[in-house]
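Q: Assemble chain B onto chain A, guided by the hints.
Protein chains: 2
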Amino acid sequence: MPLFPLRRVPLTASLFSSRLTPSIRPSFVSRRFFYGHISDSKMAPQLEPFFKQVDDSSNDFIDRLRKAVAIPSISAQDENRKDVVRMGQFLADELTALGAEVEQRPLGKQPGKEHLELPPVVIARYGNDKNKKTILVYGHYDVQPALKEDGWATEPFELTIDEKDRMYGRGSTDDKGPVLGWLNVIDAHRKAGIEFPVNLLCCFEGMEEYGSEGLDDFIKAESKKYFKDTDAVCISDNYWLGTEKPCLTYGLRGCNYYSISISGPAQDLHSGVFGGSAHEPMTDLVNVLSKLVDAQGNILIPGLMDLVAPLTEEEQTLYPDISYTMDNLHESLGAKTGIHATKERTLMARWRYPSLSIHGVEGAYSAPGAKTVIPAKVIGKFSIRTVPNMESEDVNKLVFDHIKAEFAKLNSKNTMDVWLQHDGKWWVASPKHWNFSAAGKAVQQVFGVKPDLTREGGSIPVTLTFEEATGKNVLLLPMGSSTDAAHSVNEKLDKRNYIEGTKLLGAYLHYVAEESTA
Amino acid sequence: MPLFPLRRVPLTASLFSSRLTPSIRPSFVSRRFFYGHISDSKMAPQLEPFFKQVDDSSNDFIDRLRKAVAIPSISAQDENRKDVVRMGQFLADELTALGAEVEQRPLGKQPGKEHLELPPVVIARYGNDKNKKTILVYGHYDVQPALKEDGWATEPFELTIDEKDRMYGRGSTDDKGPVLGWLNVIDAHRKAGIEFPVNLLCCFEGMEEYGSEGLDDFIKAESKKYFKDTDAVCISDNYWLGTEKPCLTYGLRGCNYYSISISGPAQDLHSGVFGGSAHEPMTDLVNVLSKLVDAQGNILIPGLMDLVAPLTEEEQTLYPDISYTMDNLHESLGAKTGIHATKERTLMARWRYPSLSIHGVEGAYSAPGAKTVIPAKVIGKFSIRTVPNMESEDVNKLVFDHIKAEFAKLNSKNTMDVWLQHDGKWWVASPKHWNFSAAGKAVQQVFGVKPDLTREGGSIPVTLTFEEATGKNVLLLPMGSSTDAAHSVNEKLDKRNYIEGTKLLGAYLHYVAEESTA
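Here the protein sequences line up with chains A and B, keeping their order. Numbering of the first sequence is given in full-length UniProt numbering, commencing with residue 1 and proceeding in unit increments. Numbering of the second sequence is given in full-length UniProt numbering, commencing with residue 1 and proceeding in unit increments.
Next comes chain A alone, as it looks inside the complex (with noise of 0.2 Å):
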C-alpha cells in the first residue's frame, strides 16, 4: 500500500549495500556520460559484456524501432485499427524470434465500438527458473495520431535522426522506444552469451492512448495466473524531470474529474429578443466556476485542504536536491507564467498539492467568431488532482456540497447539477523498496549518477492497478527525458536515451537479481 508521510530515503547506503558483488568501473560509460559524480559503486559481473553488445548492436536496435515507428498504430483511430494489430503482430513475432513465449490476448469489442475488436495484449515470459526472481514489466505499442501536416517538421511515421541524434517520430519515446528496450535487452543478452538474471513477464497493450479499455479486467484476471510468479512490477511510460538527470517514480497524483450542468430555456436563445428578460445559465455558470479556484492557484471548496497529508519537516528536505529550476518550468511552460516563486514550492504543487482546473465547457459557442446565441445548456469541467490522503468519496462530498451551495447564492431559476464522471486514485510506492535500489544502482552505473526520486503530478492508472492486482512492488523508470514532446509534434527520443536507456533496463534486471528480498 501507498506509504505516506515519505521518509527520507538513505540512498547511499541502500543502492551501494555491502551486498553488491565486485564489478569492473564502467570507463566506457564514465568517458561517454562522466557528470562528475562517478561514486566507487560497483559493477555487476556480466554488465560489461552486456552494455558492449548493446553497442555493438545499437544500429539494429534503431532498425527495430525504425520498423515499429513505421507502424501508424493509432489507437483512436478506427481506420488505424488494423496498423494496431499489426503492431502487436511485430510486436509478437519479434519476441517469439527472441525465444520468448508469447500470446495475443483477446479483449473483446471495444464499448461503444462494437464493430471494432479491441487491440489484444500481448504477454511473454522469458526464462522460467524458480530460483530467479521474475519481473513484469509493462509497456504499450498504441501511439497518438499524428499527421505531417500538424506541424511535424518530419513524417510521423518514419524515424528520422537529426544531427544532435535525436530520433524523431510519433511513438518513439511514447511508448514504442521504452517497449523494445525490453526486447533489445534479451537480444543483447542472447548475442553476448550472457544469462538472463531474472525471468521476465511482458505485458503490452495497445490502448493505452484511448483509456487502456478492457485492461484493468485482464490485469485483476492474470494476476493469480499469467502473473503470479511477478516478484515486482517496472513500467517505463514516463519521463525525466529533466533532460540529462535520469529518474526513479514513485508517486503519481490521482484525477477526479467533475461535470456541472446548468440548464434553463428549452432550446437556445437568440439574445437580443431574450437577453434581459431570462436567466441565463452561461451566467450562473461562469459565476460557480469562479467560485472552484483563485488566480493563484488556490483550491476555494471550503475543507479540501484539510484532508491533504500535511508536508513533514522530513519531506520537505527531499525537495532541495532535486535536479530542477525554475528556468526548467519556464522551459517547459514556454513562458514565464509559473505561480510560485522557488522550485522547492513548484514541485510540491506539482507532486504533493492537489490542483484544479477548469478545462472547458461543452455546449456554449466555441467557434471563432461571434454568434449571439444564449444556449440553452452548458456544462462546465473541471478536475481536481488529488494527493494522499484525499479519498475519492470525501472530495466528491466537498465539492458537491460547495457548488450547490454556491448556485443556491444566485438565486437563479435555472436547474444545476453537477457529478462525478471519472476518479483515479492518487499512487505513492515506498522508494525503499529493493525494486527501487536496483534501478537506482543501475542508473548509478550507467549514467554516472544518483538518480531523482520523483512523483508525478499526471496519473498512470495502470500503475495503481498492478500494485493491487499483484501486491508487489512498482517502479516508474523512466527511458525519454523531459523535452521528447509525448502526445505532441515532433516528438522524438534522443539516440542516448534509447541505447543508455537499453543498458539501463538491463543492469536493472542484473541488480533486481542481486537484491536480497528478505
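It is worth saying that the hints were derived from the structure and are not from the lab. Just so it is clear, the structure is predicted and the values come from calculations on it, not from any experiment. It is possible that part of the hints are untrue.
Identical chains share a label here; the pair holds if one copy fits it or two copies do between them.
[Claimed, not checked] Straight-line Cα separation of at most 30 Å, DSS-like style, residue types lysine-lysine; simulated pairs:
#: 1; residue 1: Lys-132; residue 2: Lys-404
#: 2; residue 1: Lys-191; residue 2: Lys-495
#: 3; residue 1: Lys-291; residue 2: Lys-371
#: 4; residue 1: Lys-371; residue 2: Lys-336
#: 5; residue 1: Lys-130; residue 2: Lys-432
#: 6; residue 1: Lys-148; residue 2: Lys-377
#: 7; residue 1: Lys-220; residue 2: Lys-109
#: 8; residue 1: Lys-67; residue 2: Lys-224
A: Just chain B, lined up with the frame of chain A:
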C-alpha cells in the same frame, strides 16, 4: 433620427383621422377574424375588390410560395450559391411578368471567399407616377440552412400544409412569404383592374442570413440614384409579439460584441503535470466573465447603466396595453426561467434596457466527454444589447476599463486582451409618422384590431442603413407570428398570416396614398 424618450402615441386619433375616405365595413374579414374590437374605421375605396381578389387568388399565391420554398437558397453554404442565384432569377422573372422594371445588380466577389460571386440584389420599380408616393420595400430571398435530419417533421424545401393551415418550409416566414406578399399585392391589383396606389421600389437581397455582405454600400450608393424618390421605407422581416395580434415595430436594440482573450503558456498543458504550478488562462477568464453580469441580469460594469435614457412616466404607460403575458414568455422559453415578475418589466428588459449575454469560450475543451487539458489561450465572447442613448465608444471605454481593472485584481502573470468584434447601433423611429399611421389603419382594416406598437430586442442592421441612407421614416411591418420558428426546425407561416398579410401590405399602400405628408 431616432426619437427618444418616447412619447405616448395618440393612436386612435392618428389612425382614424377625418381625412379617411368613406368605405364599406369589411364583412368577410370580420366574420373570419373577428376580435371584438372592430372600430368604425373607414375603408379606402379600392380595398374591397383588392381583398376579394387576394382571397380568389390565394391558391395561386400559395403556389408562388411553394415554388420559392422549393429553391434551397442557403446563403451560408457555398454549394447552394447557385440556388441563391436561381432564387433571385425566380423573383426577377415573376416581377417582370407582373410588369415591373427589374434589374439584378452584382455585388462582386464574396469577401474571404473570392471563388464565390455574391448573389445579386434584385431591385425593381413598379409605377413611376410623380403624383404618387414612392414606397421602398426591403426583403431577402436567401434562407437559413435546413436538413430533414435536423429534426424537421417534413421535407424543409417542400411547402407542406397541415390540417391547421400551417405552411411548413424553410424560408416560408423568413423571408420568402413577406417578399412574395409584395408580388401578390401587385398581382391582385392587376387581376382586379385596380390602380396601384403608390410607386413601389423593391430591394431584395440574397445574403441576409450571412451578414448582408455588400448591401450597406449598395444602399448608400443607390440612395441618391435608384432609391432617390423614396418617401418612406417598409420592411417586412420580423414577427408579431404573439400569435393573434399584428404589430408595428418602431425600435430595435443595438449590439456590441466583445472578445476577451487570456493567454499564458506557449501551448496547451497537461493538467496533471502543470496543475497548481502555472497560472491557468481559463481560471482567469471565468473570474473576469463572472464580473460582467449577475444571475438576475444586472450588468456589473460601473457607469454603463448611467448611459441609458431614463424611463419616463409617459413611456411607462405604453407597456400595459401591449398584448403580451408572462405565459407568452414561458411558452417561448419552454421554461419558467424568466427573471422578472411582470410583463411590463419583461418587455422593458427586452426593448429598452441593455442586456449582457455570455456566448461561449473559444480555445477551451468543448466536446462531450472528459479531457484534462489546460488550454493555453482562451477567448471569452460576450455581447451587450444597447439602447438609447448608449453610444458605442462610451460603452467600449467602460467595458475595457472594467475588464482591465478586474483582470489586474487577479494578480495573474497571464496576458489579457479585450476588444470589440463588431457593433451595430440601436434604432428607434417615430411611430407618429404617416408611414406608421397608414400601417395602423391597414391593420385595423384587415385584422379588426389596433396593432401593438412594439420594439425588438434584437437588431436588423439594414433598418438603420435605410434610415440613414434615405433620410426617410422606416417602418417594420411583420407578416409572421411569434410561433413561426424562423432559423429553427419546422419553420412555418400560417396561411392566414400569408393571405391576410398580403391584404395588409396592399391596404398599407392604399392608406399611404391617402396620408397627408404635410
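Q: All hints are to be evaluated individually against the structure, with a verdict given for each.
A: These are the hints, each one checked on the structure:
| no. | hint | in the structure |
| --- | --- | --- |
| 1 | Lys-132 with Lys-404 | neither (57 Å within a copy, 67 Å between copies) |
| 2 | Lys-191 with Lys-495 | within (21 Å within a copy, 89 Å between copies) |
| 3 | Lys-291 with Lys-371 | both (27 Å within a copy, 21 Å between copies) |
| 4 | Lys-371 with Lys-336 | between (33 Å within a copy, 25 Å between copies) |
| 5 | Lys-130 with Lys-432 | within (25 Å within a copy, 102 Å between copies) |
| 6 | Lys-148 with Lys-377 | between (37 Å within a copy, 23 Å between copies) |
| 7 | Lys-220 with Lys-109 | within (19 Å within a copy, 64 Å between copies) |
| 8 | Lys-67 with Lys-224 | neither (34 Å within a copy, 74 Å between copies) |
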